[in-house]
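Enquirer: Sequence:
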Amino acid sequence: MTYLYQLFIETALNDEMSLKFGRVSSDTDFVNNELYRYSLSTSINGPMRPTLLENSITSFPYSVWGGRLDYRPSEEHQFQLGVSQTGPDQWDYTEHGLDWSFSDDDGVSVLLQYDWRSELWERPTHVFVGAISSFRDFDNFTGGGTTDFLFRSYIHIDMEVYEGLTLFGFATYSAEDEVALTPLQISTGFNYRGLIPGRDEDRTVGFISYGDLSKKYGESVGEDVNFEMVYELGYRIQVIPSFYLQPSVQYIKNPGGTGDIDDAVVLGAWIGASF
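So that you can map any letter, position 6 of the sequence shown is 400 in our numbering, and since no number is skipped, the others follow by simple counting.
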C-alpha cells in the first residue's frame with residue numbers, strides 16, 4: 395500500500411522561533427520520546443497511548459491538518475504550541491492519506507508543551523510537561539449524548555544516571571472518564587546501551603506500564619473494570635549499523651482490566667533495517 399504521511403512547510407521566523415504548517419502528525423513534536431520506541435508493547439511504544447485511544451491526536455502514518463509554533467530562547471528551554479484537526483475519520487486509511495477535507499464532525503486539539511534539557515546532579519536530564527485540550531463532540535460511554543471538551547495533562551522525565559544507562563518515567567491524566575478510556579497511565583523504564591562488553595551499540599531495555607481504565611467505560615460494556623499492567627524485558631542486538639534484531643518477553647497482568655482473562659506471558663521479536 396502506498397500512503398502519504400506528512401507534507402508540511404517549516405520556516406524559521408527568527409533565531410529562536412520556527413513555524414510548521416501542513417499535513418502533520420502531532421506525535422512528531424508532542425507527547426512522545428524516542429525511549430518509548432524500544433518497547434514492543436503498544437502500551438508504551440509511540441506517543442502516550444491514552445491520547446490515541448481518545449482520538450486527541452494522530453500518530454504514524456496518519457496525518458491531519460495542523461501546525462506548530464516552536465520557541466527556543468536557549469538550549470535549556472523549549473516552548474511549543476500546536477493545533478491539529480481531530481475527528482472520527484482521522485484513522486481512515488482507505489484514502490491513502492489523500493483525504494484533506496474537513497467535515498462537520500471534525501474538531502480541533504490544542505497542544506502546549508514545555509521542554510527542559512540540562513543536568514541534575516551533574517547527569518544529563520530531560521523533562522517535559524504538557525497539556526492537550528480537544529474541542530469536538532466525543533461520544534459518552536454511558537447515558538448517550540456527547541462531551542464537547544476533553545482535557546489531558548502529562549509529564550515525562552529521563553536521566554542518564556550512569557554512562558549508557560538512562561531511566562525514564564511518564565504519567566498522563568484526564569478527569570473526563572466519560573470519554574477517556576484510560577484516564578490515568580503511569581509508565582517507567584530503563585535503556586542500557588553497551589551493557590555487555592564488546593557490544594557497545596546493543597540495548598538492554600525494560601518497561602513497566604500501568605493503565606487505569608474508565609469506570610464509565612466498564613459500565614457501558616457491563617464489566618467491573620479497574621487496571622491493566624504490562625511488564626517487558628528485551629534486548630536489541632545491533633547486528634550491523636543498519637540492521638537489528640530485538641527479542642522480548644512481556645508479562646500482562648489483568649488483561650482488559652476485567653479479571654476475566656488470565657494473566658499472560660507474550661514472547662515476541664522484531665527486526666529493523668534501514669536502506
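Worth double-checking, as some hints may not be accurate.
Below, a list of computed lysine to aspartate or glutamate pairs in the DMTMM-like style, where the Cα atoms sit at most 25 Å apart [as the list claims (entries may be wrong)]:
1) Lys609 to Glu557
2) Lys610 to Glu595
3) Lys609 to Asp493
4) Lys647 to Asp618
5) Lys414 to Glu516
6) Lys647 to Asp657
7) Lys414 to Glu469
8) Lys610 to Glu489
9) Lys414 to Asp533
10) Lys610 to Asp656
11) Lys647 to Glu557
12) Lys610 to Glu557
13) Lys610 to Glu554
14) Lys610 to Glu469
15) Lys414 to Asp486
16) Lys414 to Asp464
17) Lys647 to Glu595
18) Lys609 to Glu595
19) Lys609 to Glu554
20) Lys609 to Asp533
21) Lys610 to Asp531
22) Lys610 to Asp493
It is worth saying that the hints were derived from the structure and are not from the lab.
Enquirer: Evaluate each hint against the coordinates.
Expert: Hints and how they fare:
In summary, the hint linking Lys609 to Glu557 is not supported, as the alpha carbons are separated by about 43 Å, beyond the 25 Å threshold. Taking the CA atoms of Lys610 and Glu595, the gap is near 45 Å; set against the 25 Å cutoff, the hint is violated. Proximity of Lys609 to Asp493 is assessed by CA-CA distance (about 35 Å); at most 25 Å being required, the pair is judged violated. Between Lys647 and Asp618, the direct Cα distance comes to roughly 16 Å. Compliance with the 25 Å bound is thereby established for this hinted pair.
As the CA atoms of Lys414 and Glu516 are separated by approximately 34 Å, the hinted pair breaks the 25 Å bound. Under the criterion of a C-alpha separation no larger than 25 Å, the hint pairing Lys647 with Asp657 is consistent with the structure, at around 5 Å. For the given pair, Lys414 sits about 20 Å from Glu469 by alpha-carbon distance, which is consistent with the 25 Å threshold. Between Lys610 and Glu489 the alpha-carbon distance is near 33 Å, which puts this suggested pair outside the 25 Å criterion.
With a C-alpha separation of about 31 Å, the suggested pairing of Lys414 with Asp533 is violated against the 25 Å cut-off. The suggested pairing of Lys610 with Asp656 holds, with an alpha-carbon distance near 23 Å, which does not exceed 25 Å. Straight-line distance between C-alpha atoms of Lys647 and Glu557 comes to about 32 Å, which puts the hinted pair past the 25 Å bound. With a C-alpha separation of about 45 Å, the suggested pairing of Lys610 with Glu557 is violated against the 25 Å cut-off.
For a cut-off of 25 Å, the pair hint linking Lys610 to Glu554 is broken: about 39 Å separates their Cα positions. Among the hinted pairs, Lys610 with Glu469 is inconsistent with the structure: their alpha-carbon atoms are about 43 Å apart, more than 25 Å. The hinted pair formed by Lys414 and Asp486 meets the criterion: a straight-line CA distance of about 24 Å does not exceed 25 Å. Under the criterion of a C-alpha separation no larger than 25 Å, the hint pairing Lys414 with Asp464 is consistent with the structure, at around 8 Å.
For a cut-off of 25 Å, the pair hint linking Lys647 to Glu595 is broken: about 31 Å separates their Cα positions. For the hint pairing Lys609 with Glu595, the CA-to-CA distance comes to about 44 Å; that exceeds 25 Å, so the pair is violated. Under the criterion of a C-alpha separation no larger than 25 Å, the hint pairing Lys609 with Glu554 is inconsistent with the structure, at around 37 Å. For a cut-off of 25 Å, the pair hint linking Lys609 to Asp533 stands: about 15 Å separates their Cα positions.
Taking the CA atoms of Lys610 and Asp531, the gap is near 17 Å; set against the 25 Å cutoff, the hint holds. A C-alpha spacing of about 33 Å is found between Lys610 and Asp493, which places the hinted pair above 25 Å, so the restraint is violated.
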